[in-house]
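Taken in order, these protein sequences are the chains called A and B. Going by this note's numbering, the first sequence wraps up at 295, each residue one higher than the last. Going by this note's numbering, the second sequence wraps up at 295, each residue one higher than the last.
Keep in mind that the hints were calculated from the coordinates and are not lab data. A hint or two may mislead.
It does not matter which identical chain is used: a pair holds within one copy or between any two.
What the hints assert, rightly or not - With a straight-line Cα cutoff of 30 Å, these simulated DSSO-like cross-link-like pairs (lysine-lysine) come out:
#1 Lys23 x Lys288
#2 Lys77 x Lys246
#3 Lys259 x Lys248
#4 Lys280 x Lys34
#5 Lys248 x Lys34
#6 Lys280 x Lys14
#7 Lys77 x Lys288
#8 Lys14 x Lys288
#9 Lys77 x Lys34
#10 Lys248 x Lys23
#11 Lys246 x Lys288
#12 Lys288 x Lys248
#13 Lys283 x Lys77
#14 Lys283 x Lys259
#15 Lys77 x Lys280
#16 Lys280 x Lys248
#17 Lys288 x Lys259
#18 Lys283 x Lys34
#19 Lys259 x Lys77
2 protein chains.
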Amino acid sequence: MSAVEGTRLYDLAKAGDFQAFAKLLTWLERAPLKDALGIPALLQPARAAFRFGITGPPGAGKSTIVARLIGSLRAQKLRVGVIAVDPSSPFTKGAILGDRIRYSDHYLDEGVFIRSLGSRGSLGGLSSAAFLMARAFDACAFDILLIETVGVGQTELDVLHVADQVCVVLVPESGDSVQAMKAGLMEIADVFVVNKSDRPGAAGLVREISASIHDGEAARAVEVLQTVASENRGLERLTELILLAKSKGSMLANRADPKRLREEAKALLRAQWESALETKLSKINAAKDLLTLFN
Amino acid sequence: MSAVEGTRLYDLAKAGDFQAFAKLLTWLERAPLKDALGIPALLQPARAAFRFGITGPPGAGKSTIVARLIGSLRAQKLRVGVIAVDPSSPFTKGAILGDRIRYSDHYLDEGVFIRSLGSRGSLGGLSSAAFLMARAFDACAFDILLIETVGVGQTELDVLHVADQVCVVLVPESGDSVQAMKAGLMEIADVFVVNKSDRPGAAGLVREISASIHDGEAARAVEVLQTVASENRGLERLTELILLAKSKGSMLANRADPKRLREEAKALLRAQWESALETKLSKINAAKDLLTLFN
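Here chain A stands alone, though its shape is the one from the complex (with noise of 0.2 Å):
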C-alpha cells in the first residue's frame, strides 16, 4: 500500500477498469493521507463530476430518489457515481455483499458506480474518505456524483460539505423534524424534495418550509419540490435543476475555492488526528506520561 500502488490503480480507472476503481477507493480509505493526496489527478483534476447531495430523516425515500435519479440522468448517457452514507440505505446494505454494489437496475450498466461508506463512525473519519472518494469520481470521469447521507448528526451532515449542491429530502409527517433541524438544514439546502406527497400534510409542509426560506437570509433561489418517488411522480424537475447546476455550475473552480479547500482540510485532519489518538492514549499509563503527548 504505497502511493505507487494507488498511481497504478487510479492509471487503471482512469482507463475504465471498473475493478480496478473499487479498488482504488478502498486504497483511498485505507492508505495514510499523504500517500492518497499524492496521487497528481486527485489535487489537480482535469475534469469534476457536479456533486449533488441528498439528505433526511430515515424512511424519506432517499434511497428511492436516488434509483430514480440514476435512471434519468443514465437516459442522458451521463456516468454517475453515488457515495451512499446513510446507514439505512439499501445500497449500504449492500455493502456486505462486497466492495462494488450495483444497485438492481442497473446491475449490468458500466456507467454507474455505487459506494458505500460504513461504519467508519469516529469523528471526521465519513467526511475523509467521502472527500477523497469525491475526488477520484473527479479524477475518473464521471459526470456526476450522488451523495446520500442521512441528515441526523453533524458527522453525517459534515460529509454534506463535499457537495456542490444539497437537496434534503423530507415527508409529510417531517413537520417536527424540520424544526429541529431547521437551522442546520436552511443553511445548506438548495433544493427542498417533500416526498410522498400524496400523503395529508404535504401543501403544509412546502408552506411551512418555503415561509422558512423567506424568513432566512438566503440571497439563493432555493426550489421545494412534491414528489412521490416510487411512483416516479414530480421527478423531472429534479433531474432538470441537477442537470442545470451541472451545465451552470464552475466544479473545477468549486474544487479550488479555499474556502471549500479548508473544509476538506478540516475533514482529513480529524480523521488524522483520530486514527493517531487511540495509539497516543495507549501509551499513557502514568500522570508523567502526559507530558509525552506534547513532544
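Given the coordinates of chain A, assemble chain B onto it according to the supplied hints.
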C-alpha cells in the same frame, strides 16, 4: 508566560496567596500545555481534593445547591473550590466582574475559591482547562472541588470526566429530559437529586429514576434524593454523601488511574489540536496546500 512564571505563581499560591492562585488558574488556561504540565506538583500532587461534579438541565437549581454545599462544607472547616462551567450560573455571570468571584455569602471567606470557565466553547477546550485547573486545586490543598456544569451538550458532559463522583440535579418537570438524557446520565450519575421537590411530580420522578437505575447494569449504589435547595431542605444527606465518598475515596489513586489519565490526555490533545486547527487552515489556499497538512 513561561513554565518558570507558572512555577512562581504555584509557589505563591501554595503558600496561601489567593491572588497568585487566581493568576495561576489564568496562566494554566493560556499557557502552552507542555509548560502547564511542567509544574511537577500538578502532575504528582502530594494530596488531592475530592472532585464532585454537579450537572443537570438549566434552571434545575444547581447553583443554589452549590451555594448550600459551600456553606455546609465550610461548616466542617473544609477548603472548598468551585469550577462553574454553566453559562447560566450566577458564578459564571460574575466572571465579568473579574477573575476571582466569591459567592456573596462567602465573600470574605478565604476557605472558598470560585472560578468560572466561560466561553472557551471549542471542542475539548473546556475539558482541558477544567482538568488543569482541578489539578491546581489539588496541588494547592483544597479539600473539596465542586464542578458545576450544565448538562446539555457533549462538551459540558465531557467536563465531568474530571470529577471523582457526579450528582445529576433534576426537577419534577424534567421527566422528558430524563428520557432524552437517560443513557448518558445513568452511566455517569453517582447521586440523583430531585430539586424543587415541593412541586407536583417529584415522587413520580424519583420512582422513574429508581426504576431506571434498577434496569441498568450499574453495580454501583446510586442514591436518589429529594431537595428544596432554596429552603435548604434535604441537603444534609447530599453533604453526608460527599463527606462519605471523600473519606472512602482514594483520590491520589484516582489521579494515577490510567483509564482516567487517558480521558485527561484526550481532553488535552483535543484542546491542542483545536487550537492548532485555525493556523493550519489559514495556510490552505490551493489544492496542493492540502499536502502540507501532513508534513
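These are the hints, each one checked on the structure:
Taking identical chains as interchangeable, the C-alpha atoms of Lys23 and Lys288 lie at most 30 Å apart only when they sit on different chains, with a minimum of 24 Å there against 44 Å within one chain. Proximity of Lys77 to Lys246 under the C-alpha cut-off of 30 Å is restricted to the intra-copy arrangement: shortest distance 14 Å within a copy versus 72 Å between copies. For the homomeric pair Lys259 and Lys248, the shortest alpha-carbon distance inside one copy (20 Å) is at most 30 Å, but the shortest distance between copies (54 Å) is not. For the identical chains of this complex, Lys280 and Lys34 are neighbours both inside a copy (20 Å) and across copies (15 Å), given an alpha-carbon limit of 30 Å.
Within a single copy, Lys248 and Lys34 get their C-alpha atoms no closer than 33 Å, and across copies no closer than 51 Å, so neither meets the 30 Å cut-off. Proximity of Lys280 and Lys14 under a CA criterion of 30 Å is satisfied in neither setting, with 38 Å inside one chain copy and 32 Å between copies. Taking the closest pair of Cα atoms, Lys77 and Lys288 never come within 30 Å of each other, the shortest separation being 63 Å inside a single copy and 32 Å across copies. In this homomeric assembly, Lys14 and Lys288 come within 30 Å of each other (Cα to Cα) only across copies, at 21 Å, whereas the closest approach inside a single copy is 51 Å.
With identical chains, the CA atoms of Lys77 and Lys34 are never at most 30 Å apart, being 35 Å at best within one copy and 58 Å at best between copies. For the homomeric pair Lys248 and Lys23, neither the shortest alpha-carbon distance inside one copy (32 Å) nor that between copies (57 Å) is at most 30 Å. For a Cα distance limit of 30 Å, the shortest separation of Lys246 from Lys288 across copies, 25 Å, qualifies, whereas the shortest one inside one copy, 56 Å, does not. For the homomeric pair Lys288 and Lys248, the shortest alpha-carbon distance between copies (26 Å) is at most 30 Å, but the shortest distance inside one copy (58 Å) is not.
Taking the shortest alpha-carbon separations for Lys283 and Lys77, neither the intra-copy value of 54 Å nor the inter-copy value of 40 Å comes in at or below 30 Å. Only between protomers do Lys283 and Lys259 lie at most 30 Å apart by alpha-carbon distance; the minimum there is 11 Å, versus 36 Å within a single protomer. For the identical chains of this complex, Lys77 and Lys280 are neighbours neither inside a copy (50 Å) nor across copies (41 Å), given an alpha-carbon limit of 30 Å. In the homo-oligomer, the alpha carbons of Lys280 and Lys248 never lie at most 30 Å apart, since the shortest distance is 47 Å inside one protomer and 32 Å across protomers.
For the homomeric pair Lys288 and Lys259, the shortest alpha-carbon distance between copies (14 Å) is at most 30 Å, but the shortest distance inside one copy (40 Å) is not. In this assembly of identical chains, the alpha carbons of Lys283 and Lys34 lie at most 30 Å apart whether taken from the same copy (24 Å) or from different copies (17 Å). Proximity of Lys259 to Lys77 under the C-alpha cut-off of 30 Å is found in neither arrangement, the shortest distances being 32 Å within a copy and 57 Å between copies.
Checked against the numbered hints above, the structure violates hints 5, 6, 7, 9, 10, 13, 15, 16 and 19; every other hint is satisfied.
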